[in-house]
Amino acid sequence: MTSERLGDTAVLRLRDLGYRLPPQGPADSKYVAYQRVDSSIYVAGQLPYVDGLLPAQGLLGGDVDIPQAQELARLAAINALAVAASAVGDLDRVRVVQMLVFVASAAGFADQSTVADGASELLLTVLGDNGRHARTAIGVAGLPRNSPVEIQLVCTEAAPA
Amino acid sequence: MTSERLGDTAVLRLRDLGYRLPPQGPADSKYVAYQRVDSSIYVAGQLPYVDGLLPAQGLLGGDVDIPQAQELARLAAINALAVAASAVGDLDRVRVVQMLVFVASAAGFADQSTVADGASELLLTVLGDNGRHARTAIGVAGLPRNSPVEIQLVCTEAAPA
Amino acid sequence: MTSERLGDTAVLRLRDLGYRLPPQGPADSKYVAYQRVDSSIYVAGQLPYVDGLLPAQGLLGGDVDIPQAQELARLAAINALAVAASAVGDLDRVRVVQMLVFVASAAGFADQSTVADGASELLLTVLGDNGRHARTAIGVAGLPRNSPVEIQLVCTEAAPA
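Protein chains in written order, with the numbering used here: chain A, 1 to 161; chain B, 162 to 322; chain C, 323 to 483.
To be clear, the hints were calculated from the coordinates, so they are not data collected in a lab.
Beta carbons: idealized from backbone N, C-alpha and C, even for Gly.
Just so you know, not all the hints are guaranteed correct.
A few chain A residues facing chain C, derived, Cβ under 10 Å [as the list claims (entries may be wrong)]:
(1) 32
(2) 58
(3) 96
(4) 105
(5) 114
(6) 138
(7) 140
Produce the complete structure using the sequences and hints provided.
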């Protein structure tokens, strides 16, 4: 299954950036990829998997540098967008409300905002006004599978254009 | 006061697992146990208290091992469910939307997902489809009272069966 | 631009405590100060800036003590309230739903709740019943610009009195 449709404007912008929406597999048996309440779509926390693999592991301020982490933030955001697109039908119907960016941080690392900017800029570029989100970026002690970045989105279905 | 009613299917399933919903005391004076907006019920972050005591303290990857932490995650989730049940009347009316699992993690601990699975499996077993939740698990530097686990839920009132 | 109006009861209570709502500048270009879905207003994570400067930096259990951090929590909460007030028109129309308090914590620091109490008490004093919020306090490895505290609010527009 894939959430991509060739006519999607947002998917084309994503391709222009060199990315694609990953296909959505069967849900994990212990939780679901998203859940709705009223108009809100809570997307489960996403790691920057590419074809099931993490491109990097470790901490900012340690093994991972900021440009790498910005790319990981973009990849995690894309994975979250793919879930949201599967919820509302296609990426052009996704509006992002809020993004939580968790950055695995060694002692003294204080540049979580710059890492998060990687994801924020991608949302704006790909979704335009629908990508305008409230954001919180924090530094955490560690993340599942030693991922340097994890992203959680709250989205909603965009009003028809 | 207690949220339990003997006829509750979910409460019976919880008892079959060896747990009970704790009674809800008077709210803390500085914040409330839950707050609503539209259909959403935000439950305040819950520690794995049992009768007012934490069964364990410390960090994963340090003093606390994964099976212990899974049990703490179950206990924190039950405390959150008790709050949600008090909000909607009984546990059978609780639908979980999203769970945030905070795992106090020593350097290098990367198995927050397995800890969180303890809580996720309990939600599914006890609530069935109403327990299907989006989830985010992260590793944090520390938690109040040195608790190894803290859980925050967003719930809603389930549609009548 | 300022969100303050002299007639606001809440703004007057804030002044009695020695604080003021900061003016709202132009939004950051990469994300927005708040975003709405249904009745919820998600406020972006706020640092305890005063006139663009952080009054302190570092970790709890390290460079920053609890009374300092409680003051920083109050300042971050006020910055979040200023955003919410700009969203709904004035501070008297703000109802707080949920507060996430991130406390940058050195190893072993376990008193995040006491730090968060600084912000919780301010919300109750300034907003009365509209300040009654669900809360989650956690200890994180680090925060942007080495801030000791960051606060994220979900708010809504209060029902007319």
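These are the hints, each one checked on the structure:
1. 32: violated (19 Å)
2. 58: violated (13 Å)
3. 96: holds (8 Å)
4. 105: holds (5 Å)
5. 114: The hint holds - residue 114(A) has a Cβ within 10 Å of chain C, the shortest such distance being about 9 Å.
6. 138: OK, holds: residue 138(A) within 10 Å of chain C, min 5 Å.
7. 140: With a minimum Cβ separation of about 6 Å from chain C (threshold 10 Å), the hint on residue 140(A) holds.
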